[in-house]
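Let's have the full structure, built from the sequences with the hints guiding it.
2 protein chains.
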Amino acid sequence: MKDAAAWRDYFVATDDEGLIALAAAASRAVQSLDQPRPGPRTNLTPAELRARVRALDVCPYEGVDLSTVLDELGTAVWAHGVRPLDVACVAHLHPPSVVPAVVTELSIAAANQSMDSWDQAPVATEVELHLMDFLGERIGFPASASGVMTSGGTASNVLGLTLARSWAASKVGVDVLKSGLPEEARRWRFVASDQAHFSVQRAAGQLGLGRDAVVSVATDSAGAMDLVALDAALARLDDQGLIPIAFSATAGTTDLGAIDPLAAIGQRARERGAWFHVDAAVAGAFVMSDALGPRVSGIELADSVTVDFHKLWWQPFNASALVVRDVEHFDLLRVRSNYLDRGDELEGMINLVGRSLDTSRRFDAAKVVASLRTIGQRDFAAMLEHLVELSDYCAQRIEQSTDFALLAPSSAVTCVFDAPAASASDLRRVQQELLAEGVMVLGRTEIRGRAALKFTFMNPLATRTDVDQLLDIVAERLRAG
Amino acid sequence: MKDAAAWRDYFVATDDEGLIALAAAASRAVQSLDQPRPGPRTNLTPAELRARVRALDVCPYEGVDLSTVLDELGTAVWAHGVRPLDVACVAHLHPPSVVPAVVTELSIAAANQSMDSWDQAPVATEVELHLMDFLGERIGFPASASGVMTSGGTASNVLGLTLARSWAASKVGVDVLKSGLPEEARRWRFVASDQAHFSVQRAAGQLGLGRDAVVSVATDSAGAMDLVALDAALARLDDQGLIPIAFSATAGTTDLGAIDPLAAIGQRARERGAWFHVDAAVAGAFVMSDALGPRVSGIELADSVTVDFHKLWWQPFNASALVVRDVEHFDLLRVRSNYLDRGDELEGMINLVGRSLDTSRRFDAAKVVASLRTIGQRDFAAMLEHLVELSDYCAQRIEQSTDFALLAPSSAVTCVFDAPAASASDLRRVQQELLAEGVMVLGRTEIRGRAALKFTFMNPLATRTDVDQLLDIVAERLRAG
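Residue numbers (my numbering), protein chains in the order written: chain A, 1 to 481; chain B, 482 to 962.
Hints are supplied without guarantee of correctness; some may be wrong.
[To be verified] Ranges between beta-carbon positions, derived for each pair:
(1) Glu927/B / Gly173/A: 27 to 35 Å
(2) Glu498/B / Asp212/A: 51 to 59 Å
(3) Lys652/B / Ala218/A: 44 to 52 Å
Hints listed in this document are in silico derivations from the structure and should not be mistaken for laboratory results.
From the three backbone atoms N, C-alpha and C, an ideal C-beta is built for every residue, glycine too.
Put into structure tokens, the structure is as follows:
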């Protein structure tokens, strides 16, 4: 072996020398974040950013000193990212991250457990199961509940709807993962509101049903599913001989934060023997607050629930979960594999690959547990409640203003609005200008065909004064148009 | 706002005070990895691990001091994980991770860019594209190539085969993601070897074709696809009126490391107008070595290639890529969304959500770039070549030994063997004993219905002496049975 000494330095070692080196490198990585950044991002153009990035040779013949590499990343990359902690970073459900999670990411990467099989993650498997049980309890699920971590809300929704499809197929005696979609699958429909996340449609596309198999139910003025429209849609499906195999309700829509009437939708799903999925990527965090929890009442009726820890739990990407009311539902998915999940393991050795659409998978549960233990339930709930109040305040200010028109009440942490005097292209101009100049990362979307701007409040350190200033900036830009 | 001061400490801040606090916490996280661990893991049972984990309250009412939380994770979790750097951790394609990647994970989490849209990842988008271009060049793709990072080899394979399905559908005028599988999809088949990773079957299941739609082609004694068997299988498909829409070749099978005859398979795919996918999760790294590169010759004919950075590139989970020979193929996937990817952005603002099955997605490209720049091409290639030599050496030793029988030549970094005197249950006993006692994390699988043991060499710091010792331990256990 030629270069054992040189190679040794590349790898994480947990002896004294290795840990000293790792700590020094970590300290340098932290320093590399120390960049002069005025506002939510710098004003470099895409072409300028590209030039700086392309100046770095991805893999030179001979390696570069690690400290230099980290410093280069600082000046070329971290200096020009967006800063989710900046109060003017309000476009998306894109949170600032908490310290316990960020430093635990380092431990996760150093230990590099892989969640697919017990022999790659003996204790990590138990930590993930413990977190899933905790979440199941907060949701109000029975003791039969469990779950699995996924890479994001989209993956969680796809997994939930994959289970729904298998469930429907099993009732007509078909193992759809083995034999493919049966003929009657042409009549299968997913039911969701017209404000549901696009991942519901994407799941239908992926699963071979097609986006057209998603029945889009009209919403009320707040953006929540309208039950009269739902019942009318169900009656039409009955008339056409079509079968709603899954009801996907949303707890916290992407744009309006609206929460569908979960209990009523769940009841209809139950009556029809359909799967009841709740996409609580956004408002799942409400189960942590006594004040906000009642808003997601009915979630405990679900067969599967999506919760994104990388939204209102302030976790760095990626950290999502699919929680199911009955762990046995995962059997719908399980395929034994010779090398990972044979089924002849010793007592208690659980291979989580059996409940996941992934194989190798990182130990994201560790950072969530570290964060929740550090923050505690009281502060967690208080920060969440503060964000909801901040959004309510913003909605009030918009309603009182002559510059803006509120497009829907604030249901969670978003405010969507337009301006009576502004065209769609005015709104686009303002959002793109503020982004290009690095003044504000502002949301832009469409509500019922109407162009709109959007604030998303993810940062508990933001204040009412910050909200006032954000509104002033947008109003001024609109007037300057 | 009630507790701004207390809350402030929870969040990463990039001012002086914030960075000092972050560095201190990072240092404590590193310290928490300093646990007495003899061998690849401790010998605690699943029940004992469970008890220690369950003793931690996931979210107490009042938070616990961060240092305490990190220390608890150390003693309850990190002390009892598996250690991929230990030379006796040889079960899976589960690498020890490199320092530049591990500390960059901290920066990634602190900066928390989200790769779905430019306004959440302006410079990060350019870094990912730069890395994908680099990989495309090493593969030998034309300049039209590009790619996208995914959460793992399974996700990359699913994405590649999703494109293949859309490609086949588009040729008969169907947008399958919109309208669902057309009637003729009953005749669609994926072609892969009987040693292909189970994610190919899983993709077929997910996509609505079913695992039964995967035509399993016999392999030669090394585990590579047999071309005579392939041509026979294709002739049978023709006779039955079935259509191979995708050929999925494997470069580095999970158990044997075998590399299919890529060029010949690619040629057959081309002749039939089918999609050519190469699952190079394992041997994709060979494109980094002049000596090993020729083994994956023909990879440049692919339409899509899976490469796992979290295997032989020594990256912590998750880091995988799907590289396509023509970036326009991603248009098969794209669905505009009002809030993320409207299509009216300023020049150069690319929203990567348009080429991904994920939405929110972490900036894993940063750690790969940091690692490759630090290690350099020379050392990277040398470490990879060392592992292949080590596996060859192990295969020789097994062939020379009367204790063992080699089940196939070593094609990459794995050796699969059994023992003439041992039954399947003897092999199981040895593997489970060594795992339970924390002596060795040994692989166990099945090759052509025969129970087998497996070494997977992922750690470049391992030596021939280590290999000798591993073989001695297994031989002794078998004799003790």
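Status of each hint after checking the structure:
1. Remark: the range hint 27 to 35 Å for Glu927/B to Gly173/A is upheld by a beta-carbon distance near 29 Å.
2. At roughly 54 Å, the beta-carbon separation of Glu498/B and Asp212/A lies within the given 51 to 59 Å, and the hint holds.
3. Range check, Lys652/B to Ala218/A: about 36 Å between beta-carbon atoms, so the 44 to 52 Å window is missed.
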